[in-house]
Amino acid sequence: MEEKEKREGLLSDYRILDLTDHKGVYCGKVLADLGADVIKVEKPGGDATRNIGPFYKDISDPERSLYWWAYNTSKRGITLNIETADGKEIFQRLVKTADVVVESSPRGYMDSLGLGYPALSEINPSIIMTSISPFGQTGPYKNWKADDLVGWAMAGQAYVTGDDDRPPCQISFPHCYLVTGCHAASATLAAIYYRELSGEGQRVDVSMQESVLWTTLVLVQFWDMMKLNLFRAGSRRSMGTALFRLAFPCKDGHVGFLIAGGQLASISMPPLIKWMAEEKMLGAFEDKKDWGPKDWTQKVDAMALTQEIVDAWEDSIIKFFANKTKAEIYEKAREEGMIIYPVSTTKDLAENAQLKDRDFYVEVEHPELGKAITYLGSPYKMTVAPWRISRRAPQIGEHNQEIYEVELGLSKDEMRLLKEAGVI
Amino acid sequence: MAKKRIFEGLKIADFTWLGAGPIAVKFMANMGATVIHIESYTRPDICRVSPPYKDWKPGINRSAFFAIFNDSKYGITLNLRMPQAQKVARKIINEWADVVADAHLPGIMEKFGLDKETLRKDKPELIHIATALQGKTGPYSTMPGHGMVGVSLGGLTQITGWPDRDPTVPFGALTDFLTFPHMITALIAALIYKRKTGKGQYIELSQLECSAQFLAPPIMDYMINGRVLGRLGNSSAYAAPHGVYRCKGEGEKWCAIAVSSDDEWRNFCHVIGNPEWTRDPEFATFMGRKEKENELNGFVEEWTINYTPQEVMRKMQKAGVPAGVVASGEDLVADPQLNHRRTHVVLEHPEIGPHFYQAPPYRFSKTPHKLTMPAPCLGQHNEYVLKDILGMSDDEIADLVVAGALE
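Going down the list, the protein sequences come from chains Z and C.
Numbered according to numbering that gives the first Met the number 0, the first sequence terminates at residue 423, and the numbering increases by one at each position without gaps.
Numbered according to numbering that gives the first Met the number 0, the second sequence terminates at residue 406, and the numbering increases by one at each position without gaps.
Keep in mind that the hints were calculated from the coordinates and are not lab data.
Only a predicted model underlies this, so the values are computations on that prediction, with no experimental measurement involved.
The C-beta atom is built at its ideal place from N, Cα and C for all residues, glycine as well.
Heads up, some of the hints might be wrong.
If you anchor each label on the Cβ, the simulated ranges turn out as follows [said to hold, decoys possible]:
id	chain 1	residue 1	chain 2	residue 2	range
1	Z	A352	C	K110	25 to 31 Å
2	Z	A84	C	T196	38 to 44 Å
3	C	Y237	Z	E7	55 to 61 Å
4	C	N293	Z	K250	30 to 36 Å
5	Z	T96	C	K3	25 to 31 Å
6	C	T136	Z	T324	22 to 28 Å
7	Z	L368	C	T41	55 to 61 Å
8	C	N293	Z	M414	48 to 54 Å
9	C	G112	Z	E335	26 to 32 Å
All chains, please: the whole structure from these sequences, using the hints.
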């Protein structure tokens, strides 16, 4: 079967050369699962992303990284040392038939090899080059380094995350560069769309700091409009209001819920109070003090509530949830239309009934293991030419022969020499 | 001559609300698409009635929460419960739009006669893109929700915080913000495909399924190895020191530092003046530093506390060690990098006045984005859209007003 037929999808006309490390790995996956022919170009010996755990059956091996597996689906893989003269020459030949080069190297590195955008566009005038970097290709921090935690801090997330008596905190599986990769995929597609109209390629410059800033809405605006720095307060949050709790302990974990006010409270509070009344556990909601809303379907102004009131209500809800499981509360919420959700563990997500009903998880063949492995499925359901994982992630140099010999026409002897010279 | 933008000429009818949908469409508008954002007085976007409000004064046109998700769009009001309003919506779609976006629970668009089957039967080349917290199908899809609890359902709350403490909730409607770039990706892929084949399609996104993509390895780790990911504070499997350290100054002054190679470790030690403890052989290796991480973090903070976050960041970065200030909202406004790249864009809003909007996180060398106008006040462009875009007469519009269809 032709490679293109194997990949049939929305983007099967396009070839992407993916030079990224972990900083850009998700970009190529997004495009590959939509059908693009994404060729992962690794240095001989394999990309360092292969060293990121966890590992299949806990065996630390570059061919068993679940991180590598998850984020390199549907790609083909070759090894190439683009720092050698021969490697550079081969890369230039690949660029001639490619539509996009995606890279996440330190700024200036590709230029130093003579493979920057100006050089590549001379080889292929319609080439699109997408560069993913910590702070973008311009500006005073353009040459600075950042891992996920540094990006999390500099985009404002750390300031608002964590307990107030400990340092600001990250998410234990960081996703700053992953979400940047997703933005890079959409920007690359926009550039492809433009090229279809105009014939012109261009440079796309994606900043991790700015990508993460698009997850910290509306910190800038709270300062701009109210001169207020929102701050971290564990599982509670102030939005220029009293502190409101967003996670409530229950019998076997926590549930996500927010009393808020306004429309949100009018949806969830009447059925919740009814449920509490049925079990004679109204607590503070029974109190006839004049601060209690007489009718929760009237919009309650969250900005007018004092901390004392909010705490009293929340304490009553915590007492009420104490002998109920996440699943019990979630089922009741579903029946009554309350906005209460379980605080899911990774186990809960693996077993989630809604995800199962939507056939979210998919099986992907791993011929080298002689079995199929369960992967996460599509982020989008599409009626035409849908998303699919066309193959598991490539092993080191798995498609060297296919690409170098069959496509570029290198001979066995040339392949051997290049291998011995450490080029492929 | 002004540079061309990518999606000039593309027309989007935007029925979305809250976070993910409006932002995705806003990005398309910044890249050149013309957008009509359809709302109603009878059921205003919750973001319109949530802070931050200019000068703390609430008002339906005074929230930046709504504004920054909806710049560069025309805004109209239609009470879609009324047949007359539904007719206008159908006119926008059938006679004008290339794309319809919606972010309602299953059943709502159907109630308005704007279900995907009808829309695509009338106009097969239409691209209809829809999102909901748990998608449009399945037993839990009809539950109301929003991203501030979506972040818990999505598994992010559980793994944020300290191993000896309860989970802490990540900021904001995070699942929305992890969804919208997927939404833009799917939409543009469909547009590219339509250019080649003429075919439209229906695209549906579950915010839970989009945010789960960012937990794929730990979910597979559970499925394969039976391990459930817990809370790790700020520790990392590949770096030490790796943390957020208190710095000099009043209030919350912190700097993140991440040292993930021997070179970075040597440079780090040099920056802090190679104190006695750094020569302890137990700290010479990564394994040793991981082993004594708590002690290590204490030593690091003994140094950082003498400098401001800015000083720590600059000293470290100058030596090639990744470090960054823990930025507050105020710090983000002043950030030299963001300002150099014009990330914050000031637009003059009719009721709020000049205030900050935000540019997409990428730059195109030939087709720069543009934030063309502030977010619309509720119903601000009713007349322009009905008359100039749809070509309706004054009488027809008057009839709609009298009937209450524009509320």
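Results for each hint:
Roughly 26 Å separates the CB atoms of A352 of chain Z and K110 of chain C, a value that falls within the hinted 25 to 31 Å. The supplied range of 38 to 44 Å is met by A84 of chain Z and T196 of chain C, whose beta-carbon atoms lie about 43 Å from each other. Our hint of 55 to 61 Å for Y237 of chain C and E7 of chain Z is violated, since their Cβ atoms are close to 38 Å apart. Judged by the Cβ atoms, the range 30 to 36 Å given for N293 of chain C and K250 of chain Z holds: they are separated by roughly 32 Å.
Checked against the hint of 25 to 31 Å, the C-beta distance between T96 of chain Z and K3 of chain C comes to roughly 27 Å, which is consistent with it. At about 26 Å, the CB distance of T136 of chain C to T324 of chain Z agrees with the hint of 22 to 28 Å. The supplied range of 55 to 61 Å is met by L368 of chain Z and T41 of chain C, whose beta-carbon atoms lie about 57 Å from each other. Between N293 of chain C and M414 of chain Z the Cβ separation comes to about 51 Å, which falls inside the hinted range of 48 to 54 Å.
Here the CB-CB span from G112 of chain C to E335 of chain Z is close to 28 Å, well matched to the stated 26 to 32 Å.
When held up to the earlier numbered hints, the structure conflicts with hint 3 and nothing else.
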